[in-house]
Structure formats: structure tokens, C-alpha cells
Amino acid sequence: MKAYTIISLIGLYITALFLIAQWGKLRGRAFINRHSGIFYALGIAVYCTAWTFYGSIGRAATHGLDFLAIYLGPVISLPLWAIIIRKVSRISKTQHLTSLSDFITARYGRNWALGLVVTLLVVMAITPYLALQIQAISSSANVLLSDIMVDRVNIDIAATVLLMIFTLSYGVRFAFDPEERSGLIAAIGFESAFKMIAAFAGGLILIRSLFGGAGSLYKRALDAGMSNLLVINDPQEWWWMLIISSMTFILLPRQFQMAAVSQKNERDIKTAMWLLPLFLLLMNWWIIPIALGGNLYLPSDSNPDYHFLNLALASNIGFLPGLVFLGGLAASTSMIVVSASALGNMVNANFFIPATLKRREEPAQSINPLLMRRLAIVLIFVLAYLYYTYFVEQRSSLVSIGMISFIGIAQLAPGFFGALFWRKSNSVAVLVGLIGGFLIWLAAFGLPQWTPTDVGQAYVFHIFSTWSPMSNIIFASLFVNTVFMVGLSIVLPMNPLERTQAEIFFNIMNISRDRYDQSPIKTGRITFERLEKMMLRYLPEELLSETLYKRYTIMRVEAAPFAEVPGDLLSYSERLLTQIIGPVAARIVMNREIEEDSINTFDIQDIIQETKATQRLNVALREKTEILERTTAELTMANDQLQAMGSLKDDFLYTVTHELRSPLTAIRAQIEIIRDDQDMPEELQNQFLDAAISECERLTNLITTVLDIEKFESGNQQLSYQSTDLRKLADRTLENMRAWAFSEGTSLEIDGPEVAYCDVDEARIQQVLMNLFSNALKYGRERISLRIHQETDAWTICIEDDGPGVPADDVPHLFNKFYQSTDQTVKKRIGTGLGLAISYNIVRSHGGQLELSQNPPEGPTTFCITLPQKTSSL
Amino acid sequence: MKRILIVDDEPNIVMSLEYLMRSKGLDVSIARNGTEALEALKKNSFDLVLLDITMPDVNGYEICTRIKSNEQWKSTHVVFLSAKSKQSDIEKGMSLGASDYIVKPFSTRQLSLRVLDLLNENA
Numbered sequence: 079m080k081a082y083t084i085i086s087l088i089g090l091y092i093t094a095l096f097l098i099a100q101w102g103k104l105r106g107r108a109f110i111n112r113h114s115g116i117f118y119a120l121g122i123a124v125y126c127t128a129w130t131f132y133g134s135i136g137r138a139a140t141h142g143l144d145f146l147a148i149y150l151g152p153v154i155s156l157p158l159w160a161i162i163i164r165k166v167s168r169i170s171k172t173q174h175l176t177s178l179s180d181f182i183t184a185r186y187g188r189n190w191a192l193g194l195v196v197t198l199l200v201v202m203a204i205t206p207y208l209a210l211q212i213q214a215i216s217s218s219a220n221v222l223l224s225d226i227m228v229d230r231v232n233i234d235i236a237a238t239v240l241l242m243i244f245t246l247s248y249g250v251r252f253a254f255d256p257e258e259r260s261g262l263i264a265a266i267g268f269e270s271a272f273k274m275i276a277a278f279a280g281g282l283i284l285i286r287s288l289f290g291g292a293g294s295l296y297k298r299a300l301d302a303g304m305s306n307l308l309v310i311n312d313p314q315e316w317w318w319m320l321i322i323s324s325m326t327f328i329l330l331p332r333q334f335q336m337a338a339v340s341q342k343n344e345r346d347i348k349t350a351m352w353l354l355p356l357f358l359l360l361m362n363w364w365i366i367p368i369a370l371g372g373n374l375y376l377p378s379d380s381n382p383d384y385h386f387l388n389l390a391l392a393s394n395i396g397f398l399p400g401l402v403f404l405g406g407l408a409a410s411t412s413m414i415v416v417s418a419s420a421l422g423n424m425v426n427a428n429f430f431i432p433a434t435l436k437r438r439e440e441p442a443q444s445i446n447p448l449l450m451r452r453l454a455i456v457l458i459f460v461l462a463y464l465y466y467t468y469f470v471e472q473r474s475s476l477v478s479i480g481m482i483s484f485i486g487i488a489q490l491a492p493g494f495f496g497a498l499f500w501r502k503s504n505s506v507a508v509l510v511g512l513i514g515g516f517l518i519w520l521a522a523f524g525l526p527q528w529t530p531t532d533v534g535q536a537y538v539f540h541i542f543s544t545w546s547p548m549s550n551i552i553f554a555s556l557f558v559n560t561v562f563m564v565g566l567s568i569v570l571p572m573n574p575l576e577r578t579q580a581e582i583f584f585n586i587m588n589i590s591r592d593r594y595d596q597s598p599i600k601t602g603r604i605t606f607e608r609l610e611k612m613m614l615r616y617l618p619e620e621l622l623s624e625t626l627y628k629r630y631t632i633m634r635v636e637a638a639p640f641a642e643v644p645g646d647l648l649s650y651s652e653r654l655l656t657q658i659i660g661p662v663a664a665r666i667v668m669n670r671e672i673e674e675d676s677i678n679t680f681d682i683q684d685i686i687q688e689t690k691a692t693q694r695l696n697v698a699l700r701e702k703t704e705i706l707e708r709t710t711a712e713l714t715m716a717n718d719q720l721q722a723m724g725s726l727k728d729d730f731l732y733t734v735t736h737e738l739r740s741p742l743t744a745i746r747a748q749i750e751i752i753r754d755d756q757d758m759p760e761e762l763q764n765q766f767l768d769a770a771i772s773e774c775e776r777l778t779n780l781i782t783t784v785l786d787i788e789k790f791e792s793g794n795q796q797l798s799y800q801s802t803d804l805r806k807l808a809d810r811t812l813e814n815m816r817a818w819a820f821s822e823g824t825s826l827e828i829d830g831p832e833v834a835y836c837d838v839d840e841a842r843i844q845q846v847l848m849n850l851f852s853n854a855l856k857y858g859r860e861r862i863s864l865r866i867h868q869e870t871d872a873w874t875i876c877i878e879d880d881g882p883g884v885p886a887d888d889v890p891h892l893f894n895k896f897y898q899s900t901d902q903t904v905k906k907r908i909g910t911g912l913g914l915a916i917s918y919n920i921v922r923s924h925g926g927q928l929e930l931s932q933n934p935p936e937g938p939t940t941f942c943i944t945l946p947q948k949t950s951s952l
Numbered sequence: 005m006k007r008i009l010i011v012d013d014e015p016n017i018v019m020s021l022e023y024l025m026r027s028k029g030l031d032v033s034i035a036r037n038g039t040e041a042l043e044a045l046k047k048n049s050f051d052l053v054l055l056d057i058t059m060p061d062v063n064g065y066e067i068c069t070r071i072k073s074n075e076q077w078k079s080t081h082v083v084f085l086s087a088k089s090k091q092s093d094i095e096k097g098m099s100l101g102a103s104d105y106i107v108k109p110f111s112t113r114q115l116s117l118r119v120l121d122l123l124n125e126n127a
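From first to last, the protein sequence lines are chains L and V.
Numbers 79 to 952, taken from my numbering, label the letters of the first sequence in order.
Numbers 5 to 127, taken from my numbering, label the letters of the second sequence in order.
Just to be clear, a hint being listed does not mean it is correct.
[Said to hold, decoys possible] Pairs of lysine-lysine, DSS-like flavour, derived with a Cα cap of 30 Å:
hint, chain 1, residue 1, chain 2, residue 2
1, L, Lys727, V, Lys90
2, L, Lys165, L, Lys297
3, L, Lys789, L, Lys342
4, V, Lys96, L, Lys727
5, L, Lys789, V, Lys90
[Said to hold, decoys possible] Some chain V residues close to chain L (C-beta under 8 Å, calculated; not the full set):
hint, residue
6, Asn16
7, Ser20
8, Tyr23
9, Pro109
10, Arg113
These aren't lab readings, by the way, just hints derived from the structure by calculation.
No residue lacks a Cβ here, since even glycine has one placed at the ideal position from N, Cα and C.
Please construct the entire structure, taking both the sequences and the accompanying hints into account.
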């Protein structure tokens, strides 16, 4: 590739980056907010740097699967990560913390020394890593170069300056300027997506086109004796790297910035939970095939770090080298931008600002913290570039610098996790532990890394002789660090400020945000005039009018110049300052400006109790609401049922009165006729009177039955049980019906055991049998049969007729009161329409069942009653 | 002689009405359900029908509707005799073109007067 092509590729890419950031800052904000979960995950994917693109392949080409620990660690620990990040981001948001060092110093009593050591460690660990990215850009560009006129393109300085400008444009005000933050998130999201697509597509194309598929590639690799590249070569170190990488996935400054500070919404963590592992998989699956392929296809003297690029060149696919190169560029630049921004912020907050403040006894002059932050970022870029120029060239592999950097960052773990999960962890203890771990790291890796190779000698010692030197150092540094941190924390007392913060950090999930705002961290006396003056010294006025002045309105404060500022507004101001100059400096400023009554050792436990009580109340309220809703639903249902029952009752009453009216009509008519017609023959008069009497009997019957039904339905009907022979009862019933049956031309049959004793109310069961028989007679044609048979602990009596069956429409209403089939054309209806209803009630009261068990066309119409043999259960 | 049809499924009511109407000098026919009533209507023309509503096959409303929608039977008076005493039932009956709706139990004197009045109207 020609030099100008490479340079224009880089130029185009960085221009695109600027455009995307600008889009994100202005027009794309709504889009980013809508897809904040995806952008959040892509932001965290800044974890994959040029190390992934180049270093991992180099590592895989020489050490097999050892590289995998760096990516497996984060994936395995992701559930834990989610819990931690949720807590961390909430603390950072409520306390306005904008970096890892802010987080640690804020928790540990705003200890200046601690902030210094943390920052020093981070700068020492990360700067080589930054330099490495610059080198990756430069080297990869030169791998691509095939220009007869030029033997080297020096794009390193240009790229560094461009990225510095980018960082100064979008990585300074992100903590409080949502536009700028959107710009950065858009750019990093794009870079992550781009590097993933480039890696995935590049890997896929190479495997398919160059190696003829993964299968044949593995076969050839095994034939060539590369089986050692398909296993983990140093399991001891592998496990350590797994642990280290899962820690650094949270602790790396760039991770903290993207995961905690730039988080828009806590629920985005959920998206990250599935998107991140997917991303890491797509970013890494091709590494082993490429490493193997590179070893097989490329000359043995080629640098394995650039297998991917060299293979892309060898493939002769026009666009592929450019794509791979840009993917690597994206990986490098995203890391550089976010890390430099985070580091600059830390250096500013822990070196520059405290130094300025301490130097000035009389704080008359204002400082410009944002300018200082910009200077700090420039300093980081200069440092990284110098390191790149003087030291990087002499280092061997990209990956080893990365690992050393990881181990350095891991030293922050005891203090960091202590801040989150242990109320007793103490600032001095954390500082001592950190210095211990730092020194060991420095002796083994840090100093040699920061000196020319011929001067610095790595101080390596072996605790466990079977472990690799790296494993030994990891163990020793973390062990010393943790032991000091834990041991001293138990011994040393905490100051009140630290204790308050410890409670807040530990309990953050139980403290509601509003409540937190109302709880002053300190009290003191200052007038509004002086407060505003003080704030203006550090904060740009437009920011102040966006924040503090708005706050007055929200809190309904009358900001009279000489009125005293209320405590909660003071604590808000301190957090506002923290956002710009960091927690350490904010404390220095507040201490100097405010006549302090005392540090308010307000009891955080009260707040927590209060918040918990509120939460409990909320839960209780929710439960109550649910119960209420349920009750309402039940009431509505009950009401509906009542109405349905009411209308049933109305129907019943109406039907009853109707049924009463018919006999009454006949009786009245007959009597009136006899009264009015003097000429009526006596014979006819007697006939009328007899008819009237029979109608009276009918009335009596009707009334009795209705009352019976009501009794059964309300459960007030008493049954007089006695041991009864059902067979005898059936015989007797049959005899009673025989005359009627004979007149209808119907034959009656009975079948079953000779004796069938059962505990029943004899009269009632006879009533049931009579009803069923008369129904059968009503519909049956030639034959009605009654069958008795025994079941376990029960008797069943079935009455069968050869009639047309019950019409389907009637089946559901069969046992309803007064229901008479509409299909009664042929014979005059007999009975009250209550027969089946009362029978049903009687059988039910016996604990038995009455059902229509067969209905044509399947067979004869059969009603069966089942009666329990013993009443003991009733 | 005026012809009258009594439609009811209660034998004792039919018996009483039959005697009552005969004693007033009317030519009486009997139907014990809806089907029989329709058959009787087809065979003869009647001046008045005493019509029960609740019958198992074809109910009185239905019969009244048929009578009133048939050109031949249109002049036939329909008097409902029903145990259905709800205002809505009465209104329904009257809306179908009945000349009267008498709720059971009724006074035989009033019924006779009403029937004779209606029959004289036509004459």
C-alpha cells in the first residue's frame, strides 16, 4: 500500500471520528438516549484494544490459549461486575465523582496522599500501555507500507496530536456536560462497533478464503506440530490472569470512565450483561485460527503480533488489509482517547489542583480547573509519546506491557473493594497496603519498564518455585497489599468524615437520592455572597447558573447575599466542586472558605433507617393497593354473582307465581260459574267442584315442593336416614307406576341384586325414583328399565327409557327449577317442572349424584343416581 | 252465531271457559296447545280467540302474530288470558294487535262482558 493511501486512510478515519462525535453531541443525542444500553455496552468494549487485534494473536501464536484469560475473566465475573457497577455508578452519580481516584479518595476521607499514590500508580501503569497503542498504530501502518519511494511513514506524531485534539474536544467536560458526553459515547460506540465488525469480517474472510475453512486449518496445524498452541501452556499464570483481568475489567481507568461515569441509566447494565459476552466472543473467536494460519503461511521471521495484517496482505483481497488496519486503529484510538481523558482528569484532581490550592495561602485569584484539566491531558499525551519514542521500541511483545499494566492496576483492588463492601476499611491502611503492592510491582515491572533496558534490572523473586515469575509477583504484591490493608483497618480508628462516607458507600443502595441530598456532610457558616464568589473561582459561570442557581429554585431558597447558606445547599456545592476539581481539592476549598462549626457527624444510620422505613412503607402500600385491587375485583365479581342470583330468584318467584296462578284461575272460574249460573245441572256442578278440589291439591303440592327445594338449597332440609333396601324401594315404586305405564303402553323392567341396603331417607329417595319414572314415562315409548348395581361403597340406580333423548339445548338446564323442555308437543305436560330440580337436590343432600349419563344417539336416555352406602361420612 | 276459539293447556281452565262461553250462546272450539290452535284456525274462521301465552310448543304471542299477519284472520279478536302479569308482558301482548289482555285469575263476569262487547263491536 502506498504511503499516501495509508495516511489518507488514517486521516479519513479520524475525520469520521470527529464527525460522529459532533453528531452525537448535537443531533444524535436522542438516538443515543434511545439506545443507551447498546451504547453503554459498546463503551465498555473499549476494553478490547490493539492488544486484542495484534498482541493476542502474537501471544496465541507462541503461547497458545494463554491469551484467553484476559477475555474469559471479565465474562465469568460479569454477574459480579453488574452488582459492583450498579453500586459504583450510583455512588459516583450521587457524589459527583468523575474518576477512579475520585472514587477512592472520596471514600477514604479525601486523603490527599492516597490520591497521589493512586494517580502515580495509574499513570505509571497506563502510560506504557498508551504508548503501546501509538506503537500499534505506527507499526501496523508500516506493515501495510509497500512503497518504493518511502521506507517508513512517520504517522505516530500526527496521529498522537490528532487524538489529543479529539480528547481535548470531547473528553474534558464529559462529567457535567451531557452534550460532550454524548459526543464521546457516540465516538467510542462507533469505534467499538467498527473494530468488532472489522475483526469478525476479517477473521471470517481469511479463514474461508485463505485457509479453506477452520477444519483443514486445524488439521494442518496439528500436522505441523502446533498442538501446543491449542492448550493452555502455563495454567498457573493463566489462573492468575483470569483473576487479574476480572478485577481490571472494573478498575482500569477507561473501564471506570465508560462503565460508571458515562452510564446514562442503571438498566443499561442489563443490556451490557448479554451484549458484552457476545461482543467479546465475536472479537476473539478468530484469534486462534489466525495465529495458527500465520505460523503456517507466513515466513518464520515475521512478527507474530502482525499475523492478522500480514495474512490480510497475503490474501490479495483488495480491501482486506485496509479493513484490518482500520479495525486495529479503531481499537487503539478508542483506548487512547478514553484512557487519556481519564488519566488527565486524575492527574488534574490529585496533582495540579491540590498543588495550586496548597501553594496559595490567600485564595483571592481564581483558577480555571478545566484549563488545568486540558493541560493534564496534554501532559499525558506528551508522556505517552515520550515513552513510545524512548522505551517502547526496545520492548518485545505488545502483550507483556499490557499484562504488566494490568497487574499494576490490580493493586487498587483491595482499597476499591474495601470501599464498597467493608465499612471498616481505613484510609491509612489502604494507603500503606497500596504502597506495599506498588513497590513490589515497581521493583519487578514498573522500574524496568520506565528505564532504558540496560539500566533497570527486574527484581524478581520466587516464593513458589514452580510458579512463573509473573505469578509470583502477582501473588506477592496482592498478598502484601491486602494483608496491610485488612490488618491496619482492623487496628486503626477512622475519622468522622471517613466513617460517614464509609456508611454511605456501603449502604448506597438503601439511601434514596432525595434523602441523600438533604443530608449535609458538613455544616458551617458562609453567606450566599461568599459561596457564589468561591464557586465562581473554580467553576465557569454558565455551569453555575445551570446548577447552583437552579438549585436555589428547586430548594426554594431565598439567596439573599448576606443570608447564611443552609447545610444541604453547602453539601450540594461541595459535590459540584468535586465534579470539577475532585473530592480532595473540594474538601480543601470548603475547609478554607467556611467557618466550620464542626464536621457534622450526623448519623448515617438514621438516614438509612429512614430510607428503609420509607421503602418498607412503599412496599406495604403496594401490597395494600394490590389487596385493595383484588378485593375490588372480588367484590365486583360477588356483585355480579349476586345480581345473577337476584335475577335467578326473580325468575324463580315469577315462575312460582305463574304456576300458582293457573290452578287459582281454574278454581276461581269454576266457583264463579257455579255461583252465577243458577241453571247449571247438579251433575256438572259437582264435576266443577271436584275439579276445583283437585286444583287445590295441586296448589298444595306445588307449595310443598317449592318449600322443599328452598330447604334443600339453603341446607335446612333434615334427612331421616335409615337403612333401606333400595331393591324393595324400587319394586314398590314400580308397582305404583304400573297402572299409568300400562295406560301408556309402556313395559317396566327391573334388574339388579335381590337386596341392596343403603343408608337413605326412604321417602325422599322414593320421591326421586317417582320423578325419574314419570319423566321416563313422559318421553319413553315402549320400555323403561331400572337397574341397580353396586360400586365401591355406593349404589347406583339407573333409569333408562327408549325415548328420543334430551335435546342438546336443554341439557345444561336440566336440573334447573321449573325448566321444562320446549319440545313437548305430543303429550300434555305433567308435573310442576320441579321434578328433576328437587330430585337433584335430594340426591346431592345424600352426598350422591344425579346425572344424565346417557343420551341418544349413543344409546337409551339414562338418568343415574349414585348414593353412598354409608352415611358415616356425612 | 259467533264463533270463539279457546286456547289453553290447563284442562280445568278449558273446561270452565267452554261452559261459560257456551252459556253465553257462542259456538266454542277448543285447542289444548299452540299446534292445535293453528290447525283449528285453518279449518274455521273465528270471531274471537281466547289465548293463553305459556304453552310448551307454540306460544300465544306467536299465534297472535300469525293471526294478525294473515289477511283472512285479521278481523279476528284476540284476547290474551295469561298468568304472565308483568307490565312488559302485557305491553308486548297488546303491541301484537290483541284486543285485550286479561291476567289470570280473572273474574268470569268481567271476561264474559268483555268478550260479548268485542263480538258486538263487529256486528
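Legend entry - Hints violated by the structure (numbers, ascending): Hints 2 and 3 not satisfied by this model.
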